[in-house]
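2 protein chains.
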Amino acid sequence: MSTAYRIALDAMSGDHGLSAVVPAALAALKDFDDVHLILVGDERQIRDAMTQHGAGKPERLQVRHASEVVAMDELPAAALKKKKDSSMRVAINLVQAGEADAVVSAGNTGALMATARFVLRTLPGIDRPAICTAIPSMQGHTHMLDLGANVDSAAEHLYQFALMGSELVRSVDNKPAPRVALLNIGEEAIKGNEQVKAANRLLQDSPLNYTGYVEGDGIYLGSADVIVCDGFVGNVALKTSEGLAKMVNNRLKAGFTRNALTRLAGLVSLPVLSGFRKQVDPRRYNGASLLGLRGIAIKSHGGADSLAFANAIGIARTEIIQKVPQRISDRVTELLNKR
Amino acid sequence: MSTAYRIALDAMSGDHGLSAVVPAALAALKDFDDVHLILVGDERQIRDAMTQHGAGKPERLQVRHASEVVAMDELPAAALKKKKDSSMRVAINLVQAGEADAVVSAGNTGALMATARFVLRTLPGIDRPAICTAIPSMQGHTHMLDLGANVDSAAEHLYQFALMGSELVRSVDNKPAPRVALLNIGEEAIKGNEQVKAANRLLQDSPLNYTGYVEGDGIYLGSADVIVCDGFVGNVALKTSEGLAKMVNNRLKAGFTRNALTRLAGLVSLPVLSGFRKQVDPRRYNGASLLGLRGIAIKSHGGADSLAFANAIGIARTEIIQKVPQRISDRVTELLNKR
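Here the protein sequences line up with chains A and B, keeping their order.
Sequential numbering from 1 applies to the first sequence in the working numbering.
Sequential numbering from 1 applies to the second sequence in the working numbering.
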């Protein structure tokens, strides 16, 4: 039997739940013949959704019943304590038990991180897991972390984020020495807060390909392969970008629908405009890695549709193939021994 | 004699120096017949630039000689100590001496803030001045502060920023009760760092029209009139937006210039595209207020061209008319007495 990459999907979470996850699962089975999926959630609802999508009984798809669902606004601690049979928890348990190689969930970030951390545990040498995602840039894309798992990160944490991000990019982008930069508010050495300055010193002494500070615009200019920051800062940068992208789309749309003449211009420009939208389509970048855990966990955007969720499944598959947690663990051990 | 609003311009700073400031000054004199400008810098170079722009000897324009220039990468402390005859310093001195009602400089932010703070002093009750600017949003615009003057802001500082931002918007946008929000990484009360949570409590107990937390996308969705954050976070949000805007423009341009057909589409779409560009043109929002000082100081973007610099002059004029520092001072005194 050939290799199968087994991915557990939290089928009930996210704004769209089953109506995004089921078609995404079916698409992924089509795209990847080496993927085996386990849909976790209310079995009857899953079966119904599959029938609706005319799925029949796909060979590489299993259903695992879970009776509860973690709400999108549920407190992480509450989800962890009280929802032991949630689709999210059961899907993560499958990874811990070795029945799945990765989990993908569009559930609430706090609950997902807390549960994954509790069930899977962090890798030795890693204090805090971090959330990392690829963001489109003028040079391709930039990986950025942390995006909200941690606030008030100390220098040592930022250093660990850099290490994990670098190893992720080495694995999934096949870049032998990813350029790692620290997000700061100025490129001069005097700027920044104490944590960033101390992390800068740690990184300068590290074997990583550390290129120094970048400012916020460096994310999109593609000034680095990995950009490291505290989770508060990273989350604000990401959400700010989402807001600006929405405004840009909104204004372009308004401009092209103002009158008959602009509508015509819009029609003529359709190939350009849809090409542009595709290039910056956040769905094609959906899927953030929870790095630093003893297992692969991918967070899909809460609002992800089936195309976006399918992308997150693809990321899970790549991380399985690349054995990302093992590689991070090896690298941490190697660097800790060098210190 | 009618009222004259006297604005000192640091004529030598910024990436473009005189070649941006002189035409901006001439444009402002045309736009506003109540504005009197004092160009501060190397007198001969200023006169030469004026001749180049065919300016003659405008009635409401004075030149004040200053022999030095603060470099764009000069350390703030060095500029403050060693460049006592810089165009920046002399322009600020004019405000302190009562010879000008406001100063505008495109010089380096750190040096400008340090010098303005040293020369003008902070208002009573204000611990730290903050940088505030308007950002275009889907609802018009949002004022945001701090944008980089402070890192590691404590709750009390964030509270003071909120108060200053609210009073600025009351003055310049004529909104009686601006909606004030705190930038956070989630709208749920449990998220955020300690400073933000503590500032949230202070603001809930304040007479400001405080509407709670917003995430980064709220800046562009127009969820609030004033968005308050630490300077590290605000600067990253602003620079990230600059980077994304650059990428969007770049990709649209590339899309419309790909071949003859797309060029034609671009030509047909020109009115829409230039309307779009105009709406989000950062030059039309250029001019950040250094709030919390005993005087009006406006920071123009280092890369500002003459159109952008002229906009900053307009902002200085509005703040003079509205007596912004006095109004902030009155409001601080009022609120401190209430506590």
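Since the hints were derived computationally from the structure, they do not count as laboratory data.
Here the structure is a predicted model, which means the values were calculated and not measured.
Among these hints, one or two may not hold up.
Because identical chains cannot be distinguished in the list, a pair is counted as satisfied if it fits within a single copy or across any two copies.
What the hints assert, rightly or not - Once the Cα atoms are required to be at most 25 Å apart in a straight line, the calculated BS3-like pairs of lysine-lysine come out as:
1) Lys278 / Lys253
2) Lys191 / Lys84
3) Lys30 / Lys57
4) Lys323 / Lys175
Checked hints:
no.	hint	in the structure
1	Lys278 / Lys253	both (15 Å within a copy, 15 Å between copies)
2	Lys191 / Lys84	between (46 Å within a copy, 23 Å between copies)
3	Lys30 / Lys57	within (14 Å within a copy, 76 Å between copies)
4	Lys323 / Lys175	within (16 Å within a copy, 56 Å between copies)
Hint violations for this structure: none, all hints satisfied.
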